[in-house]
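Taken in sequence, the protein lines are chains A and B. With the first sequence counted from 1, adding 2 to any position gets you our numbering. With the second sequence counted from 1, adding 1 to any position gets you our numbering.
Note that these hints are calculated values from the structure, not bench results. Beta carbons are placed, not taken as given, at the ideal position from N, Cα and C, and that holds for glycine. Treat the hints with care, as some may be off.
Going by beta-carbon spacing under 7 Å, a handful of chain A positions derived as facing chain B [unchecked claim]:
#, residue
1, 49
2, 170
3, 172
4, 173
5, 176
6, 179
7, 180
8, 186
9, 187
10, 189
11, 190
12, 193
13, 243
14, 244
Here are the simulated distance ranges between beta carbons [to be verified]:
#, chain 1, residue 1, chain 2, residue 2, range
15, A, 297, B, 168, 54 to 60 Å
16, A, 82, B, 131, 23 to 29 Å
17, B, 227, A, 107, 23 to 29 Å
18, A, 219, B, 239, 20 to 26 Å
19, B, 231, A, 304, 41 to 47 Å
20, B, 192, A, 243, 42 to 48 Å
Below, each chain spelled out in residue letters.
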Amino acid sequence: SVRRSSDDADGPDGSWGWVLVGALFVSTGLVFGLMRSLGIFFVEFVEYFEESAQTISWISSTGLAAQQFFSPLGTALCNAYNARMVVMAGGCLAGLGLILASQATCVLHLYLTMGLISGLGWGLVFTPMVATVMANFTRHRALALGLAFSGIGISSFAFNPLFQLLVEMYAWRGALLILGGLSLNIVPCGALIRPQRRSKARQKVGWTSRPYATYTLAIVLLNIGYFVPYFHLVAHGRQAGFSEYQAAFVMSAAGATDILGRVVSGWFSDMGHFRLIHLLSFWVALAGVFIMLLPVSSLSGSYAALVLISLLYGFSSGALTSLAFAAVPLIVGVERMMGALGLLQLLESATGLLGAPLSGRSTLGRCTVLCLHYRKSNLHRVSNYVCTVC
Amino acid sequence: MHMFYIGDHCSTWTFKYDFTFLNEQLSDFALSVSKTLSTTLHTGESQNETIEVLNPIKLELECTWTGDQDKLPNITVYWMKDENEIENSLFHVLMCIRKCIFISQFLSLVVVSPQIGDVREKPIVSYVGDYVVMTCKMEESKPKPSSWNWYKKNGTDEEQIFPAEEPRYKIKNEDEKTKLVVHNLTEADSGLYYCGAVYAIATTKSPVKLKVITYWEPLKPFLAILAEVIVLVAIILLCEKSQSKKDGATGNQRTYRYSYQEGNSSVRQRKV
Numbered sequence: 003s004v005r006r007s008s009d010d011a012d013g014p015d016g017s018w019g020w021v022l023v024g025a026l027f028v029s030t031g032l033v034f035g036l037m038r039s040l041g042i043f044f045v046e047f048v049e050y051f052e053e054s055a056q057t058i059s060w061i062s063s064t065g066l067a068a069q070q071f072f073s074p075l076g077t078a079l080c081n082a083y084n085a086r087m088v089v090m091a092g093g094c095l096a097g098l099g100l101i102l103a104s105q106a107t108c109v110l111h112l113y114l115t116m117g118l119i120s121g122l123g124w125g126l127v128f129t130p131m132v133a134t135v136m137a138n139f140t141r142h143r144a145l146a147l148g149l150a151f152s153g154i155g156i157s158s159f160a161f162n163p164l165f166q167l168l169v170e171m172y173a174w175r176g177a178l179l180i181l182g183g184l185s186l187n188i189v190p191c192g193a194l195i196r197p198q199r200r201s202k203a204r205q206k207v208g209w210t211s212r213p214y215a216t217y218t219l220a221i222v223l224l225n226i227g228y229f230v231p232y233f234h235l236v237a238h239g240r241q242a243g244f245s246e247y248q249a250a251f252v253m254s255a256a257g258a259t260d261i262l263g264r265v266v267s268g269w270f271s272d273m274g275h276f277r278l279i280h281l282l283s284f285w286v287a288l289a290g291v292f293i294m295l296l297p298v299s300s301l302s303g304s305y306a307a308l309v310l311i312s313l314l315y316g317f318s319s320g321a322l323t324s325l326a327f328a329a330v331p332l333i334v335g336v337e338r339m340m341g342a343l344g345l346l347q348l349l350e351s352a353t354g355l356l357g358a359p360l361s362g363r364s365t366l367g368r369c370t371v372l373c374l375h376y377r378k379s380n381l382h383r384v385s386n387y388v389c390t391v392c
Numbered sequence: 002m003h004m005f006y007i008g009d010h011c012s013t014w015t016f017k018y019d020f021t022f023l024n025e026q027l028s029d030f031a032l033s034v035s036k037t038l039s040t041t042l043h044t045g046e047s048q049n050e051t052i053e054v055l056n057p058i059k060l061e062l063e064c065t066w067t068g069d070q071d072k073l074p075n076i077t078v079y080w081m082k083d084e085n086e087i088e089n090s091l092f093h094v095l096m097c098i099r100k101c102i103f104i105s106q107f108l109s110l111v112v113v114s115p116q117i118g119d120v121r122e123k124p125i126v127s128y129v130g131d132y133v134v135m136t137c138k139m140e141e142s143k144p145k146p147s148s149w150n151w152y153k154k155n156g157t158d159e160e161q162i163f164p165a166e167e168p169r170y171k172i173k174n175e176d177e178k179t180k181l182v183v184h185n186l187t188e189a190d191s192g193l194y195y196c197g198a199v200y201a202i203a204t205t206k207s208p209v210k211l212k213v214i215t216y217w218e219p220l221k222p223f224l225a226i227l228a229e230v231i232v233l234v235a236i237i238l239l240c241e242k243s244q245s246k247k248d249g250a251t252g253n254q255r256t257y258r259y260s261y262q263e264g265n266s267s268v269r270q271r272k273v
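So here's chain A without its partners, still in its complex pose (with noise of 0.2 Å):
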């Protein structure tokens, strides 16, 4: 039987959970907005340390690695102690990385800081935020997920203005301080958690639940090819004959879309009318339908198509994420979902690494390096579409 009561503001779909969804928003935007904002400090770096865009993209890829590495770290703290104090912790630890990496005098010291520290602290944060608000909710926990992770998208393109403008006020020393200090409201967002009570019989996530490892498997192959387009794109519209401007404006219509599809499915799936992995599949048969199609309408060399198709493909890969993550308590339910969530993260960072060499170049590092590219010849609007998306 299920529990439910709708006067009762912390139980299950109550309005408390509306206010968590807003510090995941929040946080959300402050981890992943941030992530991929951070190609106008690139520029920078590569001035002032006088090193390749290669060398310094891996600033962003150890970030990116290390939150995906200590994933299963932060749940299994959450799941000893509690979440409040694993996402303040996180916190903490994200503006201290950003405020340490202020004073780095070697890229060195922008790996162990904007990298390691930063990274830890955003691995603490995002996934046993993800599972607070998942527990949370029921009936509309893919529409909760969705709009938090709108904020992603929305947090980008507004920090790309506000970072420039921090970078050219204060250089890049001082705008990396003031960073710490806004990564530090995370640590609000992460009292709103309310201290919990539960119950002790917790199991293991066990590789042998079939489902579980099914589930595993499947996203794993996605993130394989999840990034490849939007790194691709703009070298492909260039290949076809478009100009740098309209290849980049196809990757930010994309990247549109791609907030719509979160809302939109999260929206959907909670009315109820299909199940929801069944809603997954689709999306996910989509996009791969989409991707398959990019070629094919750039080839056709109409601008129109390749449009279309990208922002087909934007909206479908929105949407399966906000199910990607909804499923999880699904397949093994709520109590294992924290554990589950974390080696989930974990694994993805496996498949980052491996989708390097297979999309030739490390994914994060390509795109700071395409973001790097249009900064440097002054393509302003064209790198922000880039770097925003990216």
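Fit chain B to the supplied structure of chain A, relying on the hints for placement.
This is chain B only, laid out in the frame that chain A set:
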């Protein structure tokens, strides 16, 4: 045909051709400037051309009369620099065999050394005690300078920077770009710097502004944000404490209910 040499020290010259004609029925002349550009101007047209050159050039102006050979005009040509006529530049063109000149057309030629297009308008910011790297780049498509210089603006003068004399400065030159690195910055280092691309014809200068600030500048907004975070956390925790006190007083135990029962039931369904 009279030849005019621009000379070794020219920087910017404007050539204006102001031709008055005796016979207004002349039309359709082809004007060609050989060696550097060729263009066809028709009656009433005017044109501005900018030519970027490395070395002094010999500018030869030649025109081909395409009208009636019998109706060659008596034309006066003189050169002007800015608004003044150059002495001894007046000459008459009388008989031309298919070569003659012009009608009421204006051709402005600006002859300069290759310009640096990409100018950064916003100042480069750095901190007291830190170092800064200022870069200047000449576009790939333009010829590379023979060397690069750096200047600092002191009052109204531009003083060249010599790293040999001041080890604080380091200049790193590559063919198409140059970097000036200034170590141990002080606030006095703020100001306008120029990078100069040296060509035989002239040195192209491009401004770069430097602003040196102290750490206090970014610290101010940082401390403000820190205060905001602390206040928010305090509010949230205090609110919660007062809520739980109220609940404790009324005997209400707030427990956070997971919907774990629902979760369990869906795990039992194998068809997930």
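For this session: Give me the numbers of the hints this structure contradicts, sorted from smallest to largest.
Result: Failing hints, ascending: 13, 14, 16, 18, 19.
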